[in-house]
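> Hints given; two lone chains; assemble the complex.
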Amino acid sequence: MVVAIVASDPQELAVTIAAVRQQVYEPAMLLVVGADSEGRHAADAAGAAWVSSIGNLIAGLDPRVTHVWLIHGGTVPRPDALGSLVHESERVEAGIAGSKLLSAEHPDRLISVGMATDVFDAPYTGLDEGEIDAGQYDVLRDVAAVGGASVLVRRDLVRGLRGPDPLMAPGAAAIDLCQRARLRGGRVVVVPTSEVLVPERPREGWREEAGQIRSMLKVYSLLTLVWAVPLRFLIGLLEAIVAPFVGRWTLFGWIRAWFWNLFHLPSTISGRRNARQHRAVGDTELFRFQLRGSASMRRLSGELGEVLRDRLPGDDRISLTEIGRELRQPAFIVGALALAFSLVSVRTLWRGFPAVGYSLPLPASGPDLVGAYAGAWNPGGFGSVEPLPPFLGLAGVVQTALFGNGAVASWALIVGAFIAGTWGTTRLLRTWQVEAVAGAAAGLVLMAGPAARAIAADTGLGTLVALGVLPWALRVPLARWPATRWAQIGRVAAAGWVAALMALGAPLLVMAPPAALILLALITPREPGPWRAVAVSLAGSALAIPVLMPWVSTVDLAAYVAAGEAFWEPGLLLAAALGIALLFSVITAPRRLAQIAGWGGVIAAAGGLLARTGDLGPGREVQLAAMAIASLGVAVVVGVSLELISQVRIVTGWRRLLAGIGFVGAAAVAVSVVLVLLPGRAGLPADQLDDAIGFTGAADGDPHSSRILLVGSEDELPGESRSVLGAPYRVVSAPIPALWEAWLPEPRSSDAALDSVLVELIGGESFRAGADLAAFGIRWVIFLGDSPLESVFVGQLDLVPLEGLATPAFVSEAEVPVRAVASDGTAWTRTSTGYAGTADANARVRLAESANSRWGSNWEQVDWANEVDAADGSIEFAAIGSRRSQAFLAAAIFAALVALSWWGRRRR
Amino acid sequence: MRRLLLLVVAGALAVVAVTLPRPEAPEGPSFTGAAVIDDIAGAQGSVWYCPWMNAGAIRDAYLMLGTVPNVEVEVTLPSPVPNEDADRALSTILGPGAEALEVASIVRRGDAPGFVEFDDGPAAVSAVVTSDSIVTGDRCVASVPKLWHLPGGTTRPGRLTTLRLFNPFPEAAKVTVAGTSEFGEVGLVGLTSLDVPGRFWEDIDLNEIVPLLDDLSLTVSAEEGLVIPSLVVSTDLDEASWPGTGLSPVWEFPVVTQTGLVPSLIISNPGDAEAQIEVDVYTSEGSVEAVRTAVAAPRTPVRIEIGDLADRFFAIRVRASEPVSAVVVAEDLVQSVAEEAQDPEEVVAQRIAGTVGVPEPANRWLLTGPGGVRTATSTMWIMNSGANPVTVSILPLGSQSGTADKVQLEGGTVRRVVLSQASGVSGYLLEAQSPISAAWSIEAGDGVAFVSGISIDG
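Protein sequence lines, in the order shown, are assigned to chains H and B. This note's numbering numbers the first residue of the first sequence as 64 and each following residue consecutively. This note's numbering numbers the first residue of the second sequence as 111 and each following residue consecutively.
Honestly, the hints are just simulated from the structure, not real lab data. Mixed in with the good hints, there may be bad ones.
[Claimed, not checked] Facing chain B, from chain H, some residues (calculated, C-beta under 8 Å):
# : residue
1 : Ala657
2 : Phe830
3 : Val855
4 : Pro864
Using N, Cα and C, we set each Cβ at its ideal position, and we do this for glycine too.
Chain B with its partners taken away, still in its complex shape (with noise of 0.2 Å):
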């Protein structure tokens, strides 16, 4: 009886062992890091990457350096001999203040991407590059994904392509770079896992890789590493350059032309299925929806012109059904006095100008370089896609603390407001009641460039 009663006991007690649970382990967490694009700034330190910069006996470059609160800034160029320490310069800007800072009083030795740090925000960078004939430039990106989109490239005749690869951080990184077209997908050959030094850059020339085509969108993917692209569209005269974008379905251009430009709209669709592309209208006087539609079929660009949508200058603003990116070019189309008698339909570029959109709405803007450069023009561009009039206050950013303008915007309006020439001011910080959209355009020479708004988080 003891026997049976010690098995019993002991089989019991096994049976309660085998049934009690496992102890549920947390579910790990995903971090996404610096990954999202999120290009806003931030009321923290931030760090900036603007990879088409150049410096040299032909251009300069400027870094536009804009902050709310005082801030510590340094900034890094790298270099591109091997093992060489990169060329650094701090300084400090006053709060709320902006400056423009020439990259050739650091180095000058061509090109010269590199990167901005604040110890505080909410601050912001764009690169704006110029010479006799061009000017080119567009914000900077804080954000660092593994997957970059970059629409609007194109391989046809007069238009020279060029995709910037930067990798500022000490890891080599290991990228593949695909394309589409209008018609599909591009074999871009050589372009797949591509190393790119650390603290380096390449320059891909796509002209020559996949020539004669009208419209390239690329999309930059690291299995290893980090890079920051940047697209450079350039024609004999003048050249263009964004940054790399996520997808959203709305895209929001306060800026889209300037006087005897001709926009374009390209939109890029990565997904699986077709997107209903819907182009609203925004004028000083009022707005149109759904003025162009389209459909964006999957991973094949489509380039909707949009420049005989308004008379003078407009905004626009891009919705769709599934995510995409998006880019505004902007191109100055004349006839080529040589080919006329041959050809008389054939035109060529002069200026050209390009620019990402923003995503969102917001009711605090950055925008950093207008009057940075004492030789050019700058224009801001204010979009109010709500339906109420809201009022924006301009606050002029430099070295010495200026007043606030006020104006106000009705409702589905857009309002373009071009700066004097100001001594001492590099940019301008706009507050608002209702979410608003704010770009400023830059003109010298033969030059014009788009440059897209900062938003200040919160």
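Pulled out of the complex, with its shape left as it was, chain H reads as follows (with noise of 0.2 Å):
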């Protein structure tokens, strides 16, 4: 018998030393494991022999030894606990013999009596919080594994599995011990007779899940994990998401749990291997001792249930006064009510962007849009190289961060946005003692209320994204001015990234914070903090624009700014609403929420005016941030008013019959929220383009490889669009334009021979517009609308009308309406990036793109299109290295604020 001691820190050896010694049961060996060269220097000092690790210890165990027992610095044995355990171990041949753990602090306490996991390797003591010893489950029994504190190996067993896994946290190891015994036939019991006290310590919580996570990859078959693993990323992210409602926060922790096993994955291969090499039994065998479901899910549940009691008044309690105090306090119903109204206003977007407006589903890969973002081909309308805008880089990035499924990135840009905002005007009021009823009301009205939902009609999806950063980009720099110099440069560093994401999102919108929080600071001039926050913010800002590369370094920002017409017309009611609950709750309210209530209303009146600008100059983009802003001032006025009916105690008398009416404005505007609810699109326009062009997606041969000339209104056409003669149209991709599409860069050669076309067609010099318009690769023309074009292509000799769709529509007669035709006739597919097609050494490719000579060897400009070798089958563009580079130091920038506002935080 060998008892190994496996220390962390030195200085608990010497109690565990001194228990093991006084074991009934005598080892024939004291050793120490690990800890360095303090850990020798301890053993020295207690007369024990020390070995650098488990694998040393397992490597030079004498034959003669048949047990290990390994316990960790710190615990203290009872006497008996070695004997209990060498005794039941050989008398049930159990391979892996685990003791009864109490807490050291309170012996009667029970910590673990064995424990059962779920799939996914997480454990289940089954003990309540605090639950007492009373021999209730003193009885040996199997389990799936026992704590690490104190277990009994046998020896070819130990030999056979190499020990613990070093790299885990220790509750992880040994459930992998555990494990991998179980997997060669070893049976694992705990023996209660055998106690031993332990220290009780906080748990390393990403540690252990990512140990559970190597665990679960190590032993079971590739079958399991192909569903036990999505299974398990999925239920961590819904605990990070639920989690903070119940006073945890595990989002880092899940993130980094999983990036660990990214880093390990070649030892955790190695480990499988080992692992599974001489199993004795199947999966079965491991799902015997387990739960069904999720042991963290029964947890959160569990806690959550706890949370819901606590805020539930009893039966006996309903009263106008229990009630007031809820509505006072109700963080944890508030959440998760604003949780679900986010939920569920955003439901249908489960199935991607609606194609309306500027508003299209994201293309269909993720690492693709994100190329085009650094310096790839901008598809819209002929393609150019011009920068898309910086929101669809953040988009690309989300959706490969989601295994490139556009869909769920596009409901987890705006439900996170949702969530984001809501809880973010909620922490923002909270700065001026504004509670969580009115604060989270406020964040509702922030993400869907009358500003709000104007950008969802005008399908401002970055801005939308960005919407819900905006609070977060004044809360941070206005929260209370950290001590240290680190947890300092760590929240000018997070004001940097939130800025930074937000201004992904809207550019625009950077300078709105500083600007927010300067009028704040003018308002309340005798607090230092708006100040300091201007500063901060300011810098913030600063640093966000180099994440906006390669954009901001190649966009031109006048045209950017005036691009569009800025002209927003809010409701009449609802803006009398606001005024009304504006005008008492300055009045009504203490001399500091009034100021706060007079700022807000500043803002949205200055947003509304912002954003009405459009016969000045300002187009969209200024709309649309301008409503971001009208947005904010609008949560934080009904936030305040909605705040004062509860303060019973100050707003009293006359002020408290004004405060009423203010409410009632406040209350009209919040209630409009619900007007998202119902469609559930987060105040998104209804599809509209699948309706009208989606049957292209039908049409034999490879629609994909063709274009559409939609004709309509502006307001009918997806995204930007061009006019000819006074007429719009635009040109996009068949059957259905993707997000990337909705932006056209400047007009360029392809634009104008399209443009000449038309004039053309439209001056009748021109009847076979079929033939035409397959030069540009346009199969379709299909009208959105009324439009004067209309006349223009009834007449013509190759353009097959289509039958029974609500708008005019004719495909083309031409031979190939497709976008890159070989020499030979041949059509080439489209692929996402590029196209593809049957190699030809002798043959050219002429592409209907915009003509620039990083399209492939051998480039010729022909007219304004391409023409290309055949020689290698496929085509791509080569992206435009200095923007690739631009965009990775962008993402180096933002990793580093990131990380630096994490380092301060923790140095707070």
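Here it is in structure tokens:
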């Protein structure tokens, strides 16, 4: 018998060594394992031997040794603990035997008496918190795993298993050891008569989770892993979303656990080979002692139920007073309701963004979208090297992180914005002691109020996402200034990455937080916080600018700001309701809240003003950003107005009456958020394009390789449009354009050529529009509404009208109306970002894309299009290296800001 | 105080926001596209639609092609069998040149309406149909308006009037045919929202629907799609056909008669106000204005007999106070031997010809077809409605280039040029310093036809 004390803290060794020496059953050898030189010194001082690792221990085991007792440093086994373990282990022929673990601080409290796990190797002790040991579990039994603090392992087994996994946290390592032992046919039992006192330590959350994932990967068959690993991933994600409501923050731990496993994947594969090489049983045996469902979810639901029970008044306490009290402190209920509202409001986005206006489905590939943002081909219209808006880069990253699933990425972006916006507004208003109910209601107004609905109705996807971050961009600078230098640096970094995240959605909004905070500082000159917040916000906005590369370094800002027309027409009734709420909250509120309400009112009015300045030059992006600013102002006013009614001791008498009137106004604005609930699209309009042009996907041949000429009014056309002699139109990919086509680059020779063809058709100089448009890869002409161009396309000899559609549609009779045609007349297939066809060293391919020399080998410009060799069988656009480098740099800056803020937060 | 200031600032911003004007939206354009009736030969590619063609066992049809520059020509003759590909023919004409393309060389299946595409211009087409007894034809049309006017029909005894609705486009058309007669508006049963399938044609026998009308003017309006109509009036022996026209306050008819034919001018006024009509006559000696006057009541066609305006050949100009449509129909009126004993006044027609006018004189004209039918005699008609003399250069067009002749016309005169049967000539290019009008006529066997000239843009 060898006793191995696994040391983590050398200071704790003495008490354990002393306890081991008092064992009735005397071990042949006592060893201290690990803890480097400190461990060796401690072992020397105690007169014990020392080995550097479990591996060395196993390698040097005397053949006469029958068992190894692994105990953690700091534990105190009772004198008969080892004897019981040895006796019972041999009696039942167990491979591994574990002790009953009791709290060292409170020896009557149970820590573990063996444990079950779920299929994800998360432990489940079955004990209540602080459960007293009354001998209720004192029966020897088989278990899935035993606590790692005191484990007796048969010598041959420990050699075969190579001991506990040194990379794992203790809890996960014990589970892993037991799983591997059982895989080899060994019994794992808990021996309650062997009692060990263990110090209660906080669990190393993410390391334990990482170890559990690694353990799964090592022991299960591939068939099990196929479903268990994705499920574990999703459960972790769900826990990360819900756990904050019970006071736990698991998101970063979850991310770190998975990245840790990714990093250690090679060693996991090696460990898996060893674990499964001599297995005696299958997964069924491992499932035998496992829970149904997820232990994490079981724990979470228990915590949620507990919080809910705490929050709900008893039957005998239902009274207005009690409800009032609950309304003032219902963080969980309000949070749950806000979460539910968010989920219901965006439920239909599971299918992706609706195809209408500037809202189009994400492309099939997330990496391709990121690539297109980072210097590859911009496929809008006939294509260009102009950079895509930064929101597309953000969307591409999210889509890539979600395994390329565009629909889930669409949902995640919007639901994330809703939750972040609601939560952020609550946190922002808490700065001025606005409580949870009013704060959450204000948050919902921010994301689904009149201005937010206008943003959504205008299909400002990026602005909608940025709106969710906007309150955080104010909250972070306004939060209490930390004391330490690192924490201060971290705060500025946090302001930077939050501002960057917001700017990725709506670049113009990057100026909004500093401006709003300057206004706040002017309104509240006696408070020192806002001016510091201004400085932090300004620094954050400055740090956000480089994150917008490569877009920010190449965009024509003047054109970007002026594109479209800014003119928002808010509903008069809700505007009046907001005015009432503002008026009476400013009049009746205590000084500080009145200032905040006034601040919100000025922000809302300024946003509204800016959103209507189209006649002076600003365009659509300015309008969207201005509406986001207005939405923030409206949310602040509503939050303060709703809060006032609960301040029964401060707002009294005639003030309370007026505050009530203001409350009614604010409530009217707040109630209007239900308008987004029923459609479930976060306020976005219903899909229009799919009904009108989706049928092209069912056309014969390869419809994906052709384009559609869409005609209608500017409002009816997706994204930006061009016009010929004043009649709007635009060209999109069939069958449904992706989001990266919503924005059109500056007109090029390709656009001029199409314009010329359309002018000829309008002038009656050509009657074969099908053939004329085929050169542009256009196979269909589809009207989305009334257009003067309809009379032009009716009298064409080679455009066949399509019956049974709501609006006129024509299909070309031209031979190959596709985007890429080889010199022998065969059509090439369009891939996500390029083209593919039959490789032919002697053939050339004409690409109906705007001419650019990066399109392939032996490139030649033919009119406005490209001609390249067909030798490779595929044609791809060579990305612009400098832009790609800028994109990498931007990502690195963003990551550095996040890391700095995290580090600073830890140093706070 | 600060509260008040905040409220004032917020209120002031809101007031300014309310007063900001909405950016003015540009007014939407209106494209007529090919909807204006403007059948002139422009300096670009063009399509000409020829509804009334027939090439079978009895009849032969000719597409009379003429061009100024070198052109690639594609002739398309849709099949009457649904979903069957159209018959096509490709050709190249060196310009300036002309070619008489026999439809039977492409397909011989009876009715064969079709269209001709030129890749450059000026170029134009006329269509002529012949048989042992008939000659009919007129210029083809390049415009495809939604509304056509077709005056000159009749369903009186001895006449058969047929309306052909040719839809050369892929899209099915839905058209409504309305008619007016000497009795005012007439009900045309079954001709409301009439379907004309794409790349197909419909012939409507108007004698069955509205018999015994001396004058029948039609309008064809397309509710969906487009059609190209042609009105055909036939006697027992001959046949006349002309395309739809637009409306104009002035119409010039360089050709109105041929030896033995008695011409009539039929005017239709689709407007709501009466139109005062004046007919000017042009002979080789000079002109007389307002030699005939009439009133065209709204939606009632008026027939003006003009056979007695001059002794021999003449041309006319019609001036109206309101836009009207007009055609000239010339008939060969002879007494019926069989009925002479019973009613000496009764006469029957042998030959018949008809044509549309030209709304505006021009400096250059393409006459496509004269000389193209070897068995027929062609005559050119040139009218100078201006006051000053004009010298006209006449260039024969065909497979061989010819040399231009020159003729001089005094102001207010018409010149009739009987064309020789020159080998290889199938058309003429006329050029003058001052605007003129031109047409041609063709005579073969018992048939005669008038064909309007096609002016060249610019």
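> Now look at each hint and say whether the structure bears it out.
Quick rundown of the hints versus the structure:
| no. | hint | in the structure |
| --- | --- | --- |
| 1 | Ala657 | holds (5 Å) |
| 2 | Phe830 | holds (4 Å) |
| 3 | Val855 | holds (4 Å) |
| 4 | Pro864 | holds (4 Å) |
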